[in-house]
Structure formats: structure tokens, C-alpha cells
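Participant: Turn these sequences into a full structure, and let the hints steer you where they fit.
Residues in the sequence shown are numbered consecutively from 0, following numbering that gives the first Met the number 0.
Read the hints as simulated data drawn from the structure, not as lab findings.
Be a bit skeptical, because a hint or two may be false.
[What the hints assert, rightly or not] Simulated restraints, written as ranges between beta carbons of each label pair:
1. Gly285 to Glu144: 47 to 55 Å
2. Gln210 to Arg76: 42 to 50 Å
3. Pro100 to Arg309: 44 to 52 Å
4. Arg142 to Asp13: 43 to 51 Å
5. Gly285 to Leu229: 13 to 21 Å
6. Glu258 to Arg76: 52 to 60 Å
7. Thr78 to Arg168: 30 to 38 Å
8. Asp13 to Asp130: 36 to 44 Å
Even for Gly, the Cβ is constructed at its ideal location relative to N, Cα and C.
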Amino acid sequence: MAAARAARETGGWDEYRVLLGRAGADGVGALRGGLELIGSGGVFEREVGCDLLGEASERHEAVRGETAGALAALAERETERCVLRSLARAIGSTGDARAVPVLVALAGHPDAGVRQEVASSFTGVITGRPDGADVRALTALTRDEDPEVRSWATFVLGFQAEVDGPAIRAALWERTADDHADAREEGIRGLARRHDPRAVPLLVELLGNPQGAHVHTFAAAQIMGVPELLPSLLAYEPDAAGVTAAVRACDPVARAHLEASAGELISALYRLRPRLDAALYRELFGPDLTLGLFGTAGSSSYDVEALLARADGDPSRAAQLVMRDADRSR
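Facilitator: Here it is, written out as C-alpha cells:
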């Protein structure tokens, strides 16, 4: 505790995180220590206790349930802003459903730092229901008076949460006119992730930034997968992070070739196993063309592009690889 206090008082956040990491490596020990600290009368001790429980939860699934229960109980009586910030971050790390009502309640806290932690902490616990209390709270935070809160909330809602609906798209569209650059970009990328055509000219604008585009913008372009983005993408070096994948997704020739090869792959699978239950699909929130196999023994999936690469582009050979995997899993 003395070392943690010294690190914090001297602004040594990196050293503090190292200390937490060492302590959190011992899951059960960290749980016991964290529970003791959050019961302390000292503000700093409770803050460190929350941080320690969050670190342990990120590393050890076995401690998450007890951690979530203890932090939910603490949230009912805690009033210190610094502790609530750490609490929000820690309970989000548990992935436990009990975190949702805690974060929803803290979303209305007067301290912007608390609200920002709430926005970022929804990532691991969001339900995915458009009318859920968590999604409604996160949507409200995209309109927060603080620009950093808006930016974080829009990022989580737009680029991490797999949820869609008119109210969500309306919130993301509002942010495309935000005077805070980060919040605006997150709104654009969030719309693109939902294949909203209004995002296309806005993505072209982001890709045309003289300072270069964010890697998430290339990911959004890959998900959007429309030829209108191709000229802007070709202006970048192909080895830049995310560029090649985005170019392939937006190139109509490459896209048509992939889809044709995927069709041949399905045909080859049915020739090998006529009664096979297989399908090709694209996830709403992702760029990949996926091969799904379904049966009484379970299901499996393949990224079609990666599978074809394993087979040197040969759909028949790719089908044989799939069948070999299926036989091994029996």
C-alpha cells in the first residue's frame, strides 16, 4: 500500500499499474486483499481496492462473480468520485450482469470523470438489447455535455456494441455534426459499422485527412465494403495497418472473386458431404464472409478468405480442409 501511495503521489501511473499487475496475478490473494481494502474507511484504500479487484477480474474468471457482488454493494454507499471512477472500471471488468444497473445509475453522476469511466466500462457488459437500460444510458452519454464522455460513449455504442435500431442510428448521426473531432469520427465509424449509406461520403472525408486516417476508419471502410471508398483507400501505402483488407473489401472485382470462390467452396462441400448443413453469411457488424457448419454435434465457422488462403485459393482444396477438420473433431 505504501508503494502504491508513493507511486500515485509522484504521478507514477505506470509504476502504479505495474504494482497492480503484480498483485492481480494472484487471483485469490488479490480478491481477498481487494475486498479488505474496499471495506476500509480510507478513500485511497477503497480506490486501490477497486483497482485491484478490477485487475484480478481481467486476469481470473474465477474471481469475477464475487468481485461483482462486492462492488455492487459498495456502489450503494460510496460517494467519493475517485473511488466511483475505479469502481465503474472494475465492475465493468467482471463481465457480470450485476454491473449493468450499477453503471446505469452512475451514468447520471455529476462528475464527468465518473461518466467517462461508465461509458468505457459498458464494453464488457452491454446486453445488446436496443431497448435495454444499458443501451439507453450509453445512448444518452453520446449527448453528454463533456466532449470526452461523448467520444467514449459513441465509440462503445458505435464500434464495440453489437446493437442497432433507429434511436441508436439517430444518436450516431447526431455525432457526425459534433464539433469535437473524436466524437464526430466515432459517429461516422459507428454508422459505417451498421452499413448506413450516409456514412460513405463522411468516410471519404476522413480518409482524405492530410494527416492520415485512424486505423478504425480503415476497419469501418472494410465493413462498409463499397467501391466509392476505393479511390481514397488507394492513396495509402498498402502495408499501412488495415489498408489492404479495406481495399480488398471495397474492390468490386476482388469482392466478386471472393464471393464466386465461396460459392464454389459450398458446392465442393456438398459434393463431399451431400447432407451437410452449411451456409455462407456476413455478420452485420463485421466485414468477414463466413462459412458456418451446423449439426447435432455442434457448430463451427470459418473466415472464408482465410480458409481459401490456407488452400492456396483452391475452393476444392478448402472444402477438403474443412472436412478434415470436421473428421478430427468427431
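Participant: Find the hints from earlier in the document that the structure breaks and name them by number, from lowest to highest.
Facilitator: 1 and 4
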